[in-house]
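Each chain, written out:
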Amino acid sequence: MVRHKAKVNREVCLSCGGCIAICNQDAIRMVEGKAHINDSACIGCGICINFCPVGAIGKVDAV
Amino acid sequence: MKYDVVVVGGGPAGSVTARFAAEGGAKVLVIERRKEIGVPVLCGEGISKKIDSWGMLDGRNWISREMDGARIYSPNKTMVKLSAEKAGNETGYVIHRDLFDQELARKAMKAGAEYMMNTKAVGLIKEDGRIKGVKAMHFNEKLEIEADIVVGADGVESNVGKWAGIDTTLKPKDIESCLQYTLANVDCEDPFTDFFLGKKIAPGGYIWVFPKGKDVANVGIGVLGSLSRPGLAKKLLDDFIKSDPRLRKGQPLRVLAGAVPVSLPIKTVEDNLILVGDAARQVDPLTGGGLTHCLEVGKIAGEVIAEAVNEQNFSEEFLMRYERMWKERIGKKLERNYKVKELMLDLDDKTLDKFADSLKDYNFDEFSTKGLIKALVKKHPSLFVKLIPFVKG
Ligand SMILES: Cc1cc2nc3c(=O)[nH]c(=O)nc-3n(C[C@H](O)[C@H](O)[C@H](O)COP(=O)(O)OP(=O)(O)OC[C@H]3O[C@@H](n4cnc5c(N)ncnc54)[C@H](O)[C@@H]3O)c2cc1C
Ligand code: SF4
Ligand code: SF4
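Those protein sequences? They're chains D and B, same order as listed. Counting from 246, one number per residue, gives the positions in the first sequence under my numbering. Counting from 1277, one number per residue, gives the positions in the second sequence under my numbering.
Any given hint might turn out to be false.
[Stated by the list, open to error] Computed list of lysine to any residue pairs in SDA-like fashion (alpha-carbon distance at most 25 Å, straight line):
| # | chain 1 | residue 1 | chain 2 | residue 2 |
| --- | --- | --- | --- | --- |
| 1 | B | Lys1447 | D | Ser285 |
| 2 | D | Lys279 | B | Lys1476 |
| 3 | B | Lys1311 | D | Gly278 |
| 4 | B | Lys1476 | B | Tyr1614 |
I should point out that these hints are in silico values taken from the structure, not numbers from a laboratory.
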């Protein structure tokens, strides 16, 4: 059971694309110029969270 | 819409590929999701002067400043200097990446390539598993662009490769998490690119200061993904700037986050598909430099594509010429520098200081990372025994 999902704060994201290259679930895309995580694909591994140079990605509880 | 070739991405890799394909007679379309080529700039903007001899760019407006050399600082600030007069060789430029990319695009357009801006590839057109073109959004209009060859020049994100079934996902240890400020009001009198190493300064990467002028510099950091924590790149860079007397008073003209692939080469060809540049992970894994490779490899890609169009053969087997040729050109260097990157990860700060001390008065015979590695192997053969085969010749 996945307890957390990753979520991008659009105000903080600087669109480097790194999280997209690193996510092995292919769960992230650029949407209107900022990274966006597809909830149903994200397994909450946290890899993208640690990568983000500006700390734009956080954990939220999965529903 | 039907083209011989559709190139996804109008960065250096895409534009150079487009140019040489068009010069060879192919009908080429480049689609770019941005609304201006080269903007925003996501780059340190350092490049070797060896590009001069390739003659791919006209004019000089894309050059911001000419460098006299490079200085590498170990954790205790021992300096190793590679200068033009010492190495008797070419050094580098700090460029304006926006103008640089636009000049490469202009050359491609002159050769006959068409460009569409504000046009984002969203998938591939496939028929019976065969790639037939690209699905795209142009403003808010859906487009289907048919083409015999799709070029994935879409940078570090590399979606085109994934859509074609190539695994382009980077492991955290194979990607740098970067942040950079362009600072004004700094003191960069000397035309040298500076590199600062150390586990505390930039774990698994380095901090760079590339002066664009006497009081303007790109100051950036790369931290290896596997050693990164949320926002670490920004925190470490901010700390460094505060601690450096030359930079402390600097004010930002620009801030950018970046991601640089520092992996081993991947598969770059499928039936009807070619990957180039960052999308193909053709970046020097030690320095993170990708621009010269985009030019070298883009030319090969464009020429092979033109041959494929002339012979109407778009099979993986035919396009493998490209992969063989680019590996011949830069493959060995990428492998060597990947090994050095891995070795460097095991070195503690004291060892780095010791290395720097042993090289501080060294006369380098080559202004390049190869020259530096050669010198290290010479001074510390036991430690670098794994590298000896890579620096012969
Ligand atoms: C912080 C940082 C500092 C760097 N410093 C240096 C340096 O000093 N020297 C050096 O040599 N290299 C440096 N590099 C590496 C260098 O920037 C890259 O190697 C180079 O930009 C790669 O060029 P490219 O054409 O492959 O990709 P890019 O320049 O990234 O171009 C890709 C293009 O594709 C477009 N695109 C992406 N997806 C789509 C889509 N779906 N549809 C349409 N268009 C799309 C993008 O908008 C972009 O314009 C640095 C990189 C970073 C991040
Ligand atoms: S890594 Fe961070 S800054 Fe980069 S695209 Fe992802 S969320 Fe945005
Ligand atoms: S948490 Fe893991 S699975 Fe979810 S988006 Fe980030 S990298 Fe992908």
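Tested hints:
Taken as a hint, the B/Lys1447 and D/Ser285 pair is honoured in the structure, with Cα atoms around 22 Å apart against an allowance of 25 Å. This hinted pair does not check out: D/Lys279 and B/Lys1476 have alpha carbons roughly 30 Å apart, beyond 25 Å. For the suggested pair B/Lys1311 and D/Gly278, the alpha carbons sit about 11 Å apart, so the restraint of at most 25 Å is met. For a cut-off of 25 Å, the pair hint linking B/Lys1476 to B/Tyr1614 stands: about 21 Å separates their Cα positions.
Violated hint for the displayed structure: number 2, the only one.
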